[in-house]
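J.: Okay, here's what each chain looks like letter by letter:
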Amino acid sequence: MSFRKHNEGGWGQTLVSGLVAVIYFAPVFWMILTAFKTRQDALAIPPKLIFTPTLENFRSVFVEVTSSGEVVSTGAWLYFANSAFIAGASVLLALIIGTLAAYAFSRYPLKGNDTYLFIILTTRMLPPIVVIIPIFLLFRITGLSGTYIGIILLYTSFNLPFSIWMMKSFFDDLDREVEDSARMDGSSDWAVFGRIVLPQVLAGLAATLVFALILTWNEFIFALLLTGPETRTVPVAIASTIGGSIGVDWGKLSAMITLFLIPVFIVTFALQNQLLRGVTFGTIRK
Amino acid sequence: RMAAPDWGPTRFMQDYANETYTAPSGNNVTLEIDFIPWANFFDRVNASLNSGEQKYQMIVSDSQWLGNFVEAGHFLKLNEYIEADPELQAIMQDVHPALVAGFSTYPHVPAEEIEAAGGYAPDISYYGFPQFPDAYFTYYRNDLFCDEAENAAFEEQYGAPLPCEPADWDDVTWEDWGNYGAFFTRTAGETLAGETLSEDVYGIAYQAGKPLDFSTMQINAFLWQWGGGIWDESNEPEAQVMGVVNSPENIEAFETYLSLLDYAPPIAQTGQMGIFEIQDLYMQGKIAAIIDWAALAAPVVDPATSSVADVTSFAMMPGHMRDGEIDRSANLGGQPFVLTSWNDETVTREALDVVKWWLSEETQIAAVKAGGQSGLQSVMNNPEYDSWSPWNEYFRRSLPWQKDLWHVPEMFEMLTQQQEEFDRAITGQISAEEALNNVAEFQDELLRDAGRLD
Amino acid sequence: MSELTLTKVSKQFGGFRAVEDIDLTVAPDEVLCLLGPSGCGKTTTLRMIAGLESVSHGSVAFGGRDLSALPAQDRNVAMAFQFYALYPDLTVEENLVFPLAAEGLDARERQARLDHVASVLQLGGVLQRRPHELSEGEKQRVAVGRCIIRRPNAFLFDEPLSRLDVALREDMRGSIRRILATLNRPTVIVTHDQLEAMTMGDRIAVMRDGGIEQVGTPQDVFDYPDNTFVAGFIGTPQMTLLDGTCLGADDGGIVIGTDHARWTVPHAHFHRRPCKGDRLTFGFRPRAASLEAGALGLDGCRLVLSEHMGAEKLLHFDWHGQAVRVLTQSRAPEVDALRRVGVDLRALHVFDGDGRRLSVKGIPQ
Amino acid sequence: MSELTLTKVSKQFGGFRAVEDIDLTVAPDEVLCLLGPSGCGKTTTLRMIAGLESVSHGSVAFGGRDLSALPAQDRNVAMAFQFYALYPDLTVEENLVFPLAAEGLDARERQARLDHVASVLQLGGVLQRRPHELSEGEKQRVAVGRCIIRRPNAFLFDEPLSRLDVALREDMRGSIRRILATLNRPTVIVTHDQLEAMTMGDRIAVMRDGGIEQVGTPQDVFDYPDNTFVAGFIGTPQMTLLDGTCLGADDGGIVIGTDHARWTVPHAHFHRRPCKGDRLTFGFRPRAASLEAGALGLDGCRLVLSEHMGAEKLLHFDWHGQAVRVLTQSRAPEVDALRRVGVDLRALHVFDGDGRRLSVKGIPQ
Amino acid sequence: MHLPAAFTARTSGRGILRWLNAPERRGPLLVAPAILTLLLVNILPLLWSFGLSFFNYRANRMATPRFDGLENYVDLLGDDRVWERFVTTGLIVTGSVGLQLVVGFGLAMLFARKFPLRRVLLMLVLTPMMLSFVSVGIFFKLFYDPTLGLLSWFVAMFTGEPFAIMATPAGAIWAIVIADAWMWSPFVMLLVLAGLVSVPDYLYEAAQVDRASHWRRFKTITFPYVKGLILLALLFRTIETFKTFELVYLITAGGPGTATETIAVYAYRLGFQNFRTSEASAMAYLILFIVIVLTSLYLYLVKQRNSEEV
Ligand SMILES: Nc1ncnc2c1ncn2[C@@H]1O[C@H](COP(=O)(O)OP(=O)(O)OP(=O)(O)O)[C@@H](O)[C@H]1O
Ligand SMILES: Nc1ncnc2c1ncn2[C@@H]1O[C@H](COP(=O)(O)OP(=O)(O)OP(=O)(O)O)[C@@H](O)[C@H]1O
Ligand SMILES: [Mg+2]
Ligand SMILES: [Mg+2]
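Chains as they are written, first to last, in my numbering: chain A, 450 to 735; chain B, 13 to 466; chain C, 28 to 392; chain D, 28 to 392; chain E, 5 to 314.
Mixed in with the good hints, there may be bad ones.
[Said to hold, decoys possible] Covered by chain E, per the in silico footprint, the following chain B stretches (three or more residues, Cβ under 8 Å):
1. 280-287
2. 291-301
3. 414-426
[Stated by the list, open to error] With a Cα cut of at most 25 Å, we get these calculated DSS-like pairs of lysine-lysine:
4. Lys388(D) - Lys340(C)
5. Lys560(A) - Lys307(E)
6. Lys89(B) - Lys67(B)
7. Lys303(C) - Lys388(C)
8. Lys340(D) - Lys340(C)
9. Lys67(B) - Lys368(B)
10. Lys231(E) - Lys307(E)
11. Lys231(E) - Lys118(E)
12. Lys415(B) - Lys89(B)
13. Lys307(E) - Lys223(E)
14. Lys340(D) - Lys388(C)
15. Lys303(D) - Lys388(D)
Keep in mind that the hints were calculated from the coordinates and are not lab data. Ideal Cβ placement from N, Cα and C applies to all residues, glycine included.
Sequences are here, hints too, so could you generate the full structure?
T.: Following this line, the structure appears as structure tokens:
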């Protein structure tokens, strides 16, 4: 070929982008590398790229030695399980509730639609730190503090505005005649939604899911304040590696970051195509 | 149930309780600690208390928080229980008076009065017990300070030898400390103890960080040693701010503090030189001598985490020569634990049983052996005490010098503002005098508004 | 089956009246073609029949039962959408059988219907593909197929063949017509292709600006357009329309003409006579004009362009500033040549100043 | 200006050959229409000329200079895209003058060109609108305008009029044709509308499956299609094509026919004579057939459908299983009536078993 | 007896379902769960703190709060420290969001084309966004450390001097801006990329045929397509950056002095350290007000664009 289509680059492009990507990724790479280092290697300057890797840090995430020399679990697996459960449940809930609401906003506009949508967005605008006390109070009154339901509900409500805004723009972009057509073919409104509309916005759901998941997965402040020992999530555990008698426990911290990164990374990677397509689809007409 | 920061001393308490504690009452009592990351411990406790969550029966508090939560009504006043219980009285007598003053009293009562009262007096209000007491002192590299060539060079330059043995540090002043700093500050390429350096090495460091109370902790030591001081809450409302906080003594002390930062690692210029930063730098072999808390000593002598584990010795913190005597006044560290006010009688009794268990000599010795510290004089007076860890001696000897900063509820505002001003001075934006003037002005107004000043 | 009746149906979008007072009846065995320029309200009318759009006034009834208030899913009407509206995530086969779910057919019957539709519409080869893998023409056929697989109360097609090429279109036209003939349901087909309207419709309704201009059999509408709009809209190539005036009347009839020509048209030609001085429009189809003699002559037509259209040529003349078109099989003159264009009297349509037909219907073209 | 030459041009998409060994020459003053069914490679050919697609084999040359390796921006070719490709953020005016930037015109000349194009394409009223505010037809005209405002080496139009309604289309056809005539550049117009091809092209190239089936003047291609594909593709309504065999030869000529009819066709009718037993296809245009007498008769045609096409009717007959179409102005018989369809001998096209033309070109239709 | 019949139809379970299922109730029905959740968990607390902002409540005092009217707002607006924090926040928001847009846009341009290994490389660039603030904050603080940090080490390779970026107020602001921009540029990239990917090829082809320069192609084709998305990214990122708390707290703790103390950190200090609960609430509503103004501005712009299009 003597010339290329506009949207295709060759290995040259790979080289340039690769270079940029590697530079961009370097800090993350460093975090991951640190997970395999002893403390002295971790802080060594000039930085050590070649070192004897250790898995000790990963071990220390899950087991510890007590004062009496016993080896016991740190309970970290519980935090991981909690994170997965809480993030999973709240993202799903937000997606379901948000999708329904978004569909309604898109198809059955209420009076003052824009105002509702705007108010919904507004709830995301305050720094979390300043709404903590009232939320805490509310949780105390309702007895939700420290329960799974409580934190899941909270995260759900955090993800709702985003889900609604995002999904609405997807629904807005759908061809309504398709729905009309299904209606003509005798399907009930629910069937239309389930069989015709939802499959078309899968990409959007995927994109929303990824964004919401990333936010929820890493949420810290509310996890700190509103979870108890049984419902605590990983970000709180990560913070615990800071400020002990050894300041920042770099190795353990990195090990946790690394382990904690893997699930979102995998989800994002798996949904990457939809993510791009979804984002395109959802927002292009804005 | 108890809220506690997530770190060694509290983990120990949990483990040890699980192993050994059975309630004397026969009730089924377990100590269940909610471990919270240190950095966010205050936020969590604060939110819990102020929302009225009433979730915890005991709380590890910081000494400075007492006034705040006592006035808010969250912490239980212990006087009637102590009065009724000789065992508790004995404990209060055994606890070092500096700790009783810092950890337990509100309104604040100075250590001398506690000592005079023999630990317990009914007219003093008691709230807390030591969970983990702390004090700072010198960590130094004996491979440098005992190196013959370096010693010779130093002696030639300053006319005195380097303190090699811990005992040699007993009469080290801040002036000497500055000399060590200047002497050991080397850049890459120079030699140190016979080795050519590939990286810069710095002489000395102490905490000078903006986060939390870092710089205040060390600066207070200077102020007291120079004969100045902070606003004295125990003399409220007569005690003044103006002319006290920005007294000439204080200014001179603060200037000295600032001048010594010249020999510290460059992070000092950023106002981020906290206790962990100097610990890390020291463990990487980049500083000859530092001043840090007892709580941070263990990793420094652990070869797994420290490259200078084998060559580290501990010694007293330098002091200021005043009236022919070295003053080593310093700011108390560590945390008391308290009972909360909403517990019913049974819970309170059980909690006090836990207190008694924790502050029993046996438990405290175990805690110290596990790397912790104890506030009980009986433990510290144990002849073997000094040998349980290389720094115990210096903790024990430092303790009598400890004072504490304010406990009044306004202390947070005072502290934040003070940290900001100190930080400006540390990062070279303003002079020591300006900083102290700003602090004084602010405190004066604030305390007047709060009715604590006439 | 029962007939479909629209009574004074109007549709208001905000302040804009998209459809206005339409009356229409479609018999069970009848195909009505809605014809009209873009934006005239064809789709909106269809959607009101389907129940996808509420009627602002008037009523839609099947067999006398007013269904205006019924939602679409309860009307049992089949509709092929202008932009296909295929279910993007279903295969062609699934798309086709989708509407059968509501009819509750057994598997055999369903398969039979599918096979039939697929073969008629030549979709056999693409049954397993998804809509985005289809060419435009195939998509359109699926949309039609999804319609005719049903046995609804009425069929509605919105531009069902617009994306097909000529050969296929001719073919489909026949097939659909035949299927509809067997099903015996009132059918409305929207189109803006008049050839399609003429060949598929039992009757044609020509719409403009939300109203109906004329309803009638294709032949009727073609031969006797009610007004200049219909006259110009129906018929390819377009009818030639010339501005003129009524110059008076004499024994032989009414004299009409322009500055450059005057013709006498018998009184019998008019069902309503113009008065002297009235502005008129008269028109004739290009096929009815010739370069040979004719009762009415336009002298001095200058050839501007000659277009080959297969067996015939379309000659564009300029006649004193007005365009005159002639379709002829004979050889075209040189460009710029002057010719006399002759028009058969019987082929002459006369309209009044408002564009309403004056000539009688009886004159065969 | 110089001519455009394609020599053995092919395009391979992966394993699929979209265009195969095309040879074409377009003279500077010539308009060539590329005609063919959907997917036959018309757009691909155009894109190769424009330089938007590389040629897999062969060469594209202007005035003898091989430009195959040159990217589009260096070829100076104007192209109107099938889907308009208007710049969404520019107004119509900005869209129109966009290509002039590269020509470095002064403001006056630019304005003059703009005015001219806008008036020819009747875009004067929408110059300040943006593409999304235009109707499909307007968009298409802007796309064409962006092309003819330039003075490039060659013009390429991809379905330039497909979205216009009939009246406008007729009008535009003429306008574009006139402009092109003054500019004197080789022009290629892609279309699948044969009427457009016939009226706009000096020559027509009929494509199928990536190859060219026939090139010639519209009249030539219409009158003497080289093969059955071209015969069936060109001409509306479609030519009737019947399968038959060569039954032998006698003095009068060659006898051809089916089981149901036999006709003798003079030898002079063939430029290549079939042998006895050869399979043949013979065809005639519906307009050349009639229900009156004719040299060649098809007895027993059963009327299946009669379509009104304005002045004429298209009658669909079934003749022993083969479809026969007749276009007539006279009255249509009843459905199912049996009739004899007569065809004029001169209108008979004969093709061999492979579909290649056997009848001579000389016979006028 | 029509009335009772209707009554029973409504009260029986099925009747209620049917009643709920009516088309005109479909919209409210679908929105209800979302609104309820938000009302309960978000809006109630918001209102509570809004009410609080008119009192003189302090969480660490037992005294009953006194109604203060607008006093808190007046105090805050008259306080130089507050304005200083707003300026700081403005600097950080402008710097960070600006940098995010530039970097995000650049990255998107780089990844708009298809090339081998694109999927993998794209993931590398996306990762920063997936990290928690704690990890980013702690590690960037380490990177910035003049002695142990990679950045300083890297700079020192050229200058020979240890590099303390956080030693000056400007440097500290840069430190925050860089960390935040690094973390969130991928988000902007993703949105812009979405826009770029959706630019139809034929437009570029048309421009090629029209012999347009690269710059004109960018200006007339690329930019219009991503404009809307850039605005969207601007909206989301401005809202988020306005709330920046963790990064500042972890990296500089607001220092040196108060040079990097953002309005969110200040609100935290007010509410959580100084126990001026009501003032903090008032502060929160000032922030909310500003963000709402910014957002409305954005939505207004978008709407204008849309109405242009319709
Ligand atoms: N939902 C709506 N809101 C406002 N106006 C509308 C709406 N739907 C259609 N219209 C307007 O009503 C008029 C008729 O539209 P309709 O779709 O029925 O036209 P049409 O005859 O089908 O045209 P086409 O041949 O282009 O499909 C148009 O002017 C259109 O803009
Ligand atoms: N980039 C491509 N990759 C693979 N196949 C392609 C590509 N572009 C076109 N084709 C195929 O090449 C063939 C010719 O396509 P082309 O677009 O030239 O058809 P066309 O004659 O213009 O048809 P239409 O009338 O529908 O526009 C089609 O079968 C098409 O599917
Ligand atoms: Mg329509
Ligand atoms: Mg094409």
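J.: Lys415(B) and Lys89(B): Cα distance at most 25 Å?
T.: The hint holds at about 22 Å.
J.: Given the hint that Lys560(A) pairs with Lys307(E), test it: the Cα-Cα distance must not exceed 25 Å.
T.: holds (18 Å)
J.: Given the hinted pair Lys231(E) and Lys118(E), is their alpha-carbon gap at most 25 Å?
T.: This hinted pair holds, its Cα atoms lying about 22 Å apart.
J.: Taken at face value, is the distance from the CA of Lys368(B) to the CA of Lys67(B) at most 25 Å?
T.: holds (22 Å)
J.: Holds or violated: Lys303(D) and Lys388(D), Cα atoms, limit 25 Å.
T.: holds (22 Å)
J.: Under the criterion that the straight-line Cα-Cα distance not exceed 25 Å, is the pair Lys388(D), Lys340(C) satisfied?
T.: holds (20 Å)
J.: Holds or violated: Lys89(B) with Lys67(B), Cα cutoff 25 Å?
T.: The given pair, whose Cα atoms are some 18 Å apart, holds under the 25 Å limit.
J.: Between Lys340(D) and Lys388(C), does the CA-CA distance stay at or below 25 Å?
T.: Distance ~20 Å between Lys340(D) and Lys388(C) Cα, so the pair holds.
J.: Are the Cα positions of Lys231(E) and Lys307(E) separated by 25 Å at most?
T.: holds (13 Å)
J.: Under the criterion that the straight-line Cα-Cα distance not exceed 25 Å, is the pair Lys307(E), Lys223(E) satisfied?
T.: holds (22 Å)
J.: Between Lys303(C) and Lys388(C), does the CA-CA distance stay at or below 25 Å?
T.: The hint holds at about 22 Å.
J.: Has the stretch 280-287 of chain B got at least three residues whose CB is nearer than 8 Å to a CB belonging to chain E?
T.: holds (count 4)
Going down the numbered hints, you'll see the structure goes against none, and every one checks out.
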